[in-house]
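Based on the sequences and whatever the hints tell you, model everything.
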Amino acid sequence: MHKALLAAACLALSSLPALAQELVLGAVVPLSGASATLGDDQRRGIELAVDKINEKGGLLGGKKLRVIVEDSGGRAPSALDAAKKLVTVDNVPVVIGEYSSGITIPVGQYLVQEGRVHLNIGSSSGKIRGLGDGSFSLIGLDNVSSGFAAQDVVDNKWKKAAVIVPNNAYGQGVAEQFQKAFAALGGEVVTTVMYTEGQTTYRRELQQMERSEPDVYVYSAYGKEAATINRESFELGINATPWYAIYLSMCTSDADPKFIQGQYGLDLNYIGPDGAAYEAAYKAKYKEPFKTSFNGYGYDAVMMAAAAIEKAGSAEPKAISAALKEIGNGYKGATGDITFDADRQRSKQPYLKLKIEDGVQQR
Amino acid sequence: MVQFVVDVLIRAVDLALIAIGLSSVYSLIRFPNVALVQYATTGALLALCLQMAGLPLVVAAIAACALVGIIAVVLNVIVFERLLRAGSAIAMIGSLALSMMFSAIFLVTAGPRPKRFELEINPPLRFLGARLTEHQLMSVGISALAIIVFALILFRTDLGRCMRATATNSVLASATGIDTRKVTNTVVFLSGVMAALGGIGLSVKGEMSAQLGLDMLLPVFAAAILGGLGNALGAAVGAVVIAAAETMVTNVNFGPLFGASVLFIPAAYATAASFLLLVVVLLIKPYGLFVSEVKRV
Amino acid sequence: MFEFLIHVSIMACLYGLLSLSLNLQVGFAGLVNFGQVILFGCGTYGAAIAFSHQLGPVAGIALGIVFAVVVAAAFARLGRNLGADYWGIATLAVAEVLRILANNEAWLTGGAQGVSGIPLLFGDKPRPMGPLMTLGLCVALLIAAWWLCQRLTTSRYGLALKLMREEPQLAASLGYDLAVLKTQTLMVAAVLAAASGFVFAHYITFVGPDQLVSSETFLIWAMVIIGGSGNHLGAIVGAILMQFLFAFVPFVKDALGLPSEYVAAMRLTLVGGGLLVFLMWRTQGLIPERIGGKQNG
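Chains as they are written, first to last, in UniProt numbering: chain S, 1 to 363; chain Y, 1 to 297; chain E, 1 to 297.
Rather than coming from a laboratory, the hints here were simulated on the basis of the structure. Just so you know, these numbers come straight off a predicted model, no measurement behind them. Glycine included, every Cβ here is placed at the ideal spot set by N, Cα and C. Treat the hints with caution; some may be incorrect.
[As the list claims (entries may be wrong)] To give a feel for the contact side, a few chain Y residues facing chain S, derived at Cβ under 7 angstroms: (1) 131; (2) 133; (3) 134; (4) 148; (5) 157; (6) 185; (7) 186; (8) 206; (9) 207; (10) 215; (11) 250; (12) 259; (13) 262; (14) 264; (15) 268; (16) 271.
Right, here's the structure in full:
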């Protein structure tokens, strides 16, 4: 079996040099491992953008766009293998990815060292800010979404919040930033629970939160954990207290409507000029509503990179980076207006305030 | 307090069936089979497939358990009998490898999204202040029944007598005319059934995913080892101990002790609690709580 | 392509060190360690903690070695009266507890967000030279480790280890203190793993708890078994082979036009399937252990 694979690998190597009529970008996302659901959704956004650009005749006078999507497996060594393959073998000027901060950071550092353009579409750790010139974030970092959530919770006159988030880089960032912003606005986080992913039940964590009698439960979760938490909050009857979701559609994507009735939350804004068309294209191609909140960033990343390449008139990383800085000032993306700050981060993001009342309603 | 007991019980039955399967196989063939937790996932996925094919849940569950039992026997004959000739450590690593193959198969066939049985979900029942759903009640009931049936087989039937004889001294057992290979495969079949039932029980209460089995691996092993590998009913007690430890960490309010109103050990350490407990018990009782048999070298 | 090969070679050398370290434990002393990744983690966190406290890389490697020796001593203490399979699970539990600690104690370890920005070892050198020098260092480390292991195991000490693995009672009756033998082996192995972790941290430039999940341990196990446990060269060959296969799986996907999720399934199949095939049909691995071996007295 090994010989056959090696032979196939050699075959792959010999057939590699891309066609001259093609413009190739790269992406590293988790298509397996714990974050596979999210990574797969990121890939969908990327695919939709590629389809759209090629329908319109490609880039730089008719070159077809291709994005090589590599699997990171949710582990840093594999993600680096993939990033290094994209840079040194496929020689792509732009690499999009990853999802987990713990992987995005080393991948981004490597790309910056290599002088390539890095587009962060999924990680919100504050540490992304320090990656250096050439690394852009299309997603608002923790402080942006958590700050918005804290303001929204305060506006609803809830004073005592219980927070439950996954115990990983994403969750720890959200908890920390929410606590900071909420305290600054005069609220009090009465308890914070970091749940371990991959448990079969979170009943006990939820009951622990219930003891501190909060006015509102603030949570962010995805995948199987989100489904479990929503079901168990219903089963324990603690959904009588308001629930507030950071990224509502992601938190409720696998939940029965009965469990999530009455939840509040914030979500990405898809009502920009490009947003509605994008949502329609997604539904048409994948026959379901948005699976997570992360696909739109993948779409915007490819669209922005393409726009930058057109503007620069070349696919040189330096030129693309310079063009991105110019474009990134009120760019109309599917996830709303995109404006980069001095550190090339998206420091403002227009979120929607939502409530679930027989389906998702805007507040 | 009642809620505490209910929570411990629910968690314990999650662990108990698979742990009992693990322990009973260990008593005969002396290696902890890591792939057993994947049999649980297989059982749940098969039951789901059969339910989607139109069978009623009960029939689907029984069929899935039987199928998994057969799979367990087939794998035992093809893979483990061969590996065991090279030693129990080799067999254990082999079972690990097999469990990775299971993961690969789940990834390609079932995909990463969580799934549910088609069941009506109702608000919880109140019972002495504790909250409990019908499905939880059902799952606890079925598991308890399965454990009782298993204990009856072990202590009241000829098969059970043969099993225990083989476990104590397999050479002597075969000398007295017991077909030890047949006995072993029967137990392997039963362990597959128990694991599958455990997996189905877990999924009936909530979500199932391809990761289900691997997520259960360490707690189940902790339960089985605590009870003393090879002691099937010890494993059930081990499951209760592990469940109690986890629940204590997450749900005992240490606030009054320190003058605060609410103070908990961070929930992030709930899983660590059961592993620490395991390590501490092994330091004191190297073969678990309930092993009385001759000490192995 | 050239730089990609350098990268894969560096990773192969680092895994080679880990594999040598595990092989010393499994192949020679018969210690079934399922917590290997945490010894590696001692090295990565040594580097990370030294970096985040501005202590410099020398303090980093020293810290890493101290951590690793302490963990090894704890493993050895656990191993004193546990059976091999119990000990395996206990090491797995200890490794998980330590990983959970690293994930939660943000004041020390940076928590789940880890520590980033750890400097490259030869970051100031111009482009092709930096990675080449890192590769040179890794190759030198690997050869030194190999030489050390070779010296160790061809001496009387190595024979004592093998005797302990095969006939522990005989070894004890000949006056060998098994607990001391185990402790020493574990400590040497731990230092090798920590060295690998230290270089890894300074190469990847990021340290986080996700790097320490137990599946990484199983990957190293696959390298040892496939290469041939009980043979140092085998362990290195196994590591290099697995690392290159892993790195080139995406090319196979490109060539055959497979969807990306098959890459994950393929990786699992490579590790699990490879392990199983070797365990069943070639237990001695690619390069078998030399029985008897050179004896210098």
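Unmet hints by their number, sorted upward, for this structure
Per hint list: 3, 4, 5, 6, 7 and 12 violated.
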